[in-house]
Amino acid sequence: MRIGAHVDPADPLAEAAAREADAVQFFLADPQGWKAPKPREDAERLRTADVDLYVHAPYVINVATLNNRIRIPSRKLLLGHATAAAAVGAKGLIVHGGHVTAGDDLAKGFDNWRKTFAYAADSGGFPLPVLIENTAGGDNACARHLDALARLWDALGDHEVGFCLDTCHAHAGGEDLLGLVDRVKAITGRIDLVHANNSKGAFDSGQDRHDNLTGGTIDPELLVAVIRAAGAPVIVETPGGVEGQASDIAFLRGQLGAGA
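Numbering (the numbering used here), first residue to last: 1197 to 1456.
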């Protein structure tokens, strides 16, 4: 099992080495901005490295919304990030499930996801797997609760789409982690990546606040059980910089090795 961390994008391979990580996740542009990613001078070094790379799309992307001024730029930005992520040899592009505004029809949000993949298909399709991530908050979210996730996957049935399971988001979003992997796979058929995070927020709090694996409100043994059941690569998005994340990676390796 490949285990790594979300790191600063300046030199992802150095960050991986500092954490003794098998994998890294990073942004290719400002996560709170709308600027397209620029080509990286270290693209060849990244492509040929013995480290698995994942790219996280900007948080501002929301392809589900009925607001044209957000949805249309979101589609373009998502495709641009997918192209840039493929150029550095990333194994997947992670994007949040998005939401509609209160009072809007959530069914239209799911259909907007379908249109996003159709839009990409018109340009030859996404050049790498797009992994939709479950989210922690919002009553109008497309991927907070599993019933909504099932409707999203139904809408995307004609397209190849991956799934990223965030443990903090699931817990804070009100989904019991016990047996969660089986329930998710019954919907998606797959888990391509796990974001392994404990949660500062309580169960069903809707708070997207990550904690280190042995802290927070989730029993660490339950976290390990979820990760083992998923059987997918793992990225920790936990606080504490190099020291905190290296400790979390070492904890996981120790627990998963002992339980193998």
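Some hints could be false.
As the list claims (entries may be wrong) - Mimicking DSSO-like on lysine-lysine, the simulated pairs with C-alpha atoms at most 27 Å apart in a straight line are:
#1 LYS1272 <-> LYS1311
#2 LYS1272 <-> LYS1234
#3 LYS1304 <-> LYS1234
#4 LYS1311 <-> LYS1287
#5 LYS1287 <-> LYS1381
#6 LYS1311 <-> LYS1381
These are computed hints drawn from the structure, not numbers from a lab.
Now for the hints, and whether the structure bears them out:
1. LYS1272 <-> LYS1311: Given pair LYS1272, LYS1311 holds - Cα atoms ~12 Å apart, limit 27 Å.
2. LYS1272 <-> LYS1234: Holds. LYS1272 to LYS1234 sits at ~15 Å (cutoff 27 Å).
3. LYS1304 <-> LYS1234: Violated, at roughly 32 Å.
4. LYS1311 <-> LYS1287: Answer holds: LYS1311 to LYS1287 is near 23 Å, not above 27 Å.
5. LYS1287 <-> LYS1381: Holds, because 20 Å separates the two Cα atoms, which is no more than 27 Å.
6. LYS1311 <-> LYS1381: With Cα atoms ~24 Å apart, LYS1311 and LYS1381 stay inside 27 Å; holds.
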